[in-house]
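Number of protein chains: 2
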Amino acid sequence: MRLGVDAMGGDFAPTEVVRGAISARDILEEGDQIVLAGQREAIEPLLNECPDWRSFIRIAHSPEVVGMDDPPVEAVRAKPNSSIALLAKMHKQKEVDAIISAGNTGACVAAWQMNLRRLAGVHRPGIAVIMPTFHNPIVLCDVGANVDCRPQHLFQYAIMASLYLEHVGGVKSPRIGLLSIGSEAAKGNALVKKTRDLLKSASGLKFVGNVEGRDLLRDVCDVIVCEGFVGNVCLKLMEGLADGLFKGLTAQLGKADPAVASQAKALFRSILGRYDYSEVGGAPLLGVNGICIISHGSSKARAIRSAILKARQFATQGVNELITTHLGRYDTGNGE
Amino acid sequence: MRLGVDAMGGDFAPTEVVRGAISARDILEEGDQIVLAGQREAIEPLLNECPDWRSFIRIAHSPEVVGMDDPPVEAVRAKPNSSIALLAKMHKQKEVDAIISAGNTGACVAAWQMNLRRLAGVHRPGIAVIMPTFHNPIVLCDVGANVDCRPQHLFQYAIMASLYLEHVGGVKSPRIGLLSIGSEAAKGNALVKKTRDLLKSASGLKFVGNVEGRDLLRDVCDVIVCEGFVGNVCLKLMEGLADGLFKGLTAQLGKADPAVASQAKALFRSILGRYDYSEVGGAPLLGVNGICIISHGSSKARAIRSAILKARQFATQGVNELITTHLGRYDTGNGE
Numbered sequence: 001m002r003l004g005v006d007a008m009g010g011d012f013a014p015t016e017v018v019r020g021a022i023s024a025r026d027i028l029e030e031g032d033q034i035v036l037a038g039q040r041e042a043i044e045p046l047l048n049e050c051p052d053w054r055s056f057i058r059i060a061h062s063p064e065v066v067g068m069d070d071p072p073v074e075a076v077r078a079k080p081n082s083s084i085a086l087l088a089k090m091h092k093q094k095e096v097d098a099i100i101s102a103g104n105t106g107a108c109v110a111a112w113q114m115n116l117r118r119l120a121g122v123h124r125p126g127i128a129v130i131m132p133t134f135h136n137p138i139v140l141c142d143v144g145a146n147v148d149c150r151p152q153h154l155f156q157y158a159i160m161a162s163l164y165l166e167h168v169g170g171v172k173s174p175r176i177g178l179l180s181i182g183s184e185a186a187k188g189n190a191l192v193k194k195t196r197d198l199l200k201s202a203s204g205l206k207f208v209g210n211v212e213g214r215d216l217l218r219d220v221c222d223v224i225v226c227e228g229f230v231g232n233v234c235l236k237l238m239e240g241l242a243d244g245l246f247k248g249l250t251a252q253l254g255k256a257d258p259a260v261a262s263q264a265k266a267l268f269r270s271i272l273g274r275y276d277y278s279e280v281g282g283a284p285l286l287g288v289n290g291i292c293i294i295s296h297g298s299s300k301a302r303a304i305r306s307a308i309l310k311a312r313q314f315a316t317q318g319v320n321e322l323i324t325t326h327l328g329r330y331d332t333g334n335g336e
Numbered sequence: 001m002r003l004g005v006d007a008m009g010g011d012f013a014p015t016e017v018v019r020g021a022i023s024a025r026d027i028l029e030e031g032d033q034i035v036l037a038g039q040r041e042a043i044e045p046l047l048n049e050c051p052d053w054r055s056f057i058r059i060a061h062s063p064e065v066v067g068m069d070d071p072p073v074e075a076v077r078a079k080p081n082s083s084i085a086l087l088a089k090m091h092k093q094k095e096v097d098a099i100i101s102a103g104n105t106g107a108c109v110a111a112w113q114m115n116l117r118r119l120a121g122v123h124r125p126g127i128a129v130i131m132p133t134f135h136n137p138i139v140l141c142d143v144g145a146n147v148d149c150r151p152q153h154l155f156q157y158a159i160m161a162s163l164y165l166e167h168v169g170g171v172k173s174p175r176i177g178l179l180s181i182g183s184e185a186a187k188g189n190a191l192v193k194k195t196r197d198l199l200k201s202a203s204g205l206k207f208v209g210n211v212e213g214r215d216l217l218r219d220v221c222d223v224i225v226c227e228g229f230v231g232n233v234c235l236k237l238m239e240g241l242a243d244g245l246f247k248g249l250t251a252q253l254g255k256a257d258p259a260v261a262s263q264a265k266a267l268f269r270s271i272l273g274r275y276d277y278s279e280v281g282g283a284p285l286l287g288v289n290g291i292c293i294i295s296h297g298s299s300k301a302r303a304i305r306s307a308i309l310k311a312r313q314f315a316t317q318g319v320n321e322l323i324t325t326h327l328g329r330y331d332t333g334n335g336e
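Going down the list, the protein sequences come from chains A and B. The numbering used here applies: residue 1 is where the first sequence begins, and numbers increase by one. The numbering used here applies: residue 1 is where the second sequence begins, and numbers increase by one.
Do not take every clue at face value.
A pair holds if it fits inside one copy or across any two, identical chains being indistinguishable in the list.
[As the list claims (entries may be wrong)] 25 Å max Cα-Cα, derived PhoX-like pairs, lysine-lysine:
(1) Lys300 to Lys265
(2) Lys255 to Lys265
(3) Lys265 to Lys247
(4) Lys94 to Lys247
(5) Lys79 to Lys94
The hints are simulated quantities; they were obtained by calculation from the structure and are not laboratory data. Given the structure is predicted, the values throughout are model-derived calculations rather than measurements.
Can you make the complete structure from the sequences, with help from the hints?
Have a look at this one:
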């Protein structure tokens, strides 16, 4: 398997991306190769810490770099020779079997959708993030690819995210929840009410009904579907809360009882780290005709390694083939 | 001042509501009265723990009760003699100066909007919650009154919530943020982009631009505006996270180091309690022609007392008059 990795994407690129690629060596199988896309002159010196890197890594040179804050669509147009664009082209031409980036999410979504198109029957791709909780992991989909959702899109997210969680996240027969503002059928906006009807009437789905923000950590479902705006706000709120609570707790504990604080600090960090989806490494853009993994901008080597592992699993489990088969069972009409 | 309180509303009604009313005695001024709306036979026995309750409390009997899970609009229609409906009528007829309920939020919003109508110039009422953080408190508006927002509605929420935070929350010249999925102008959905234009072009507002979910605790703004669906999801997510983190942290700490855990537990509770908006007690339904405070369903006596205090402050500060004056400065066209 050849795994294309964007060496220029992310807040700590290229250093941490290259380190992540090197550290992924042990999860590769015989004949696997990591293709680092980006500026050769920036990447090559970093590879020297692994003398025989050429045995499992090669560089695909791209001179341009999309910045983390570049306006996505414009950046894709203005920088046709970026690492993000190069990966899209290589994947389309089957020169790599999966692509991974911790770069500008909007630019990845735009460039990869445009080049790879959608799987047969898919209305809109969505990003699915597996989030660790104190119970089982849950998957939230969509977290920002699609802010103009129709009920059919959310319905398909439920199916795609379930297959992903089952076959990559290891959760058998996932329970599906629809994010809303109350568990009763009458609660929610028009999008939620129509999606609820679609999910309820579909056979073969474990739909548990509406779930609320407070249910995200309550083990009432395994898959949560929502439109990309809400999902993105939730994801970042969780990130901010975990960070804010960690800082706040240690500061306040320090004031109240320095001895307890110093003992508790390391424990806190490890426990709150479980809420940190950025460490989980990599969320697939489900529904594109390819294997596209988007990592958090703040990814370090460990997260990149983990994203490479996810891409491998996604490919070996045949998630895209499963999606096409399962979606084919439901006629969701015109989702345009 | 006469403060109408729904004795039948909330998970711990009527006991905790009546206790809250009794405990609010010290924040009342000479001549103030609390009017407890609800079933006389349920309320009166609870008042006996305060022998001279008649000096500051009276009961307004209403035979029907709206359940916490009743479908809101239907419940308002089917139970015209509920405490929620009675409070609306009494407030409309100026028999009370403010009304407070920890009952079915949807039913309160429906009954109170219907009876009291809107302040002059207001397109849609919105619920504004002041949330404690490790920095200054922030206010989030709307958290669920309006799930079908237009840009003009969000624009008015910014102004109304700012006045509320300034005059009741004590934050001078609040900074306004618009909840989106990226700080750049190009990010967000159509509603956010249009609202951004309105807020940017309005003079006299401290608009800081788009903010993200992770900014809620980062002290980058004091007022966050969003449509009710997103705001409600965020509010409940924060509630669930604080709860989930508290339980998870104490459980994990207990496994790792029981001694530290037992020492830290009380500290945790007090610190995480700061994130618990349910203890803050009471969020106004801004924009209605009245003073309407909605409390969290899980309110106990302390939260009810705090909601009564908020209603008093709202009235004495003349927030509704300020809203009418300030909104009059901006022509936001037809927000229907």
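Verification of the supplied hints:
1. Lys300 to Lys265: Close inside one copy (22 Å), not across copies (33 Å); limit 25 Å.
2. Lys255 to Lys265: both (13 Å within a copy, 15 Å between copies)
3. Lys265 to Lys247: Both ways: Lys265 and Lys247 sit 10 Å apart in one copy and 17 Å across, limit 25 Å.
4. Lys94 to Lys247: Classified as neither: same-chain Cα gap 46 Å, cross-chain 48 Å, threshold 25 Å.
5. Lys79 to Lys94: Intra 22 Å, inter 65 Å, cutoff 25 Å: intra-copy only.
Of the hints listed earlier, the one the structure fails to meet is number 4.
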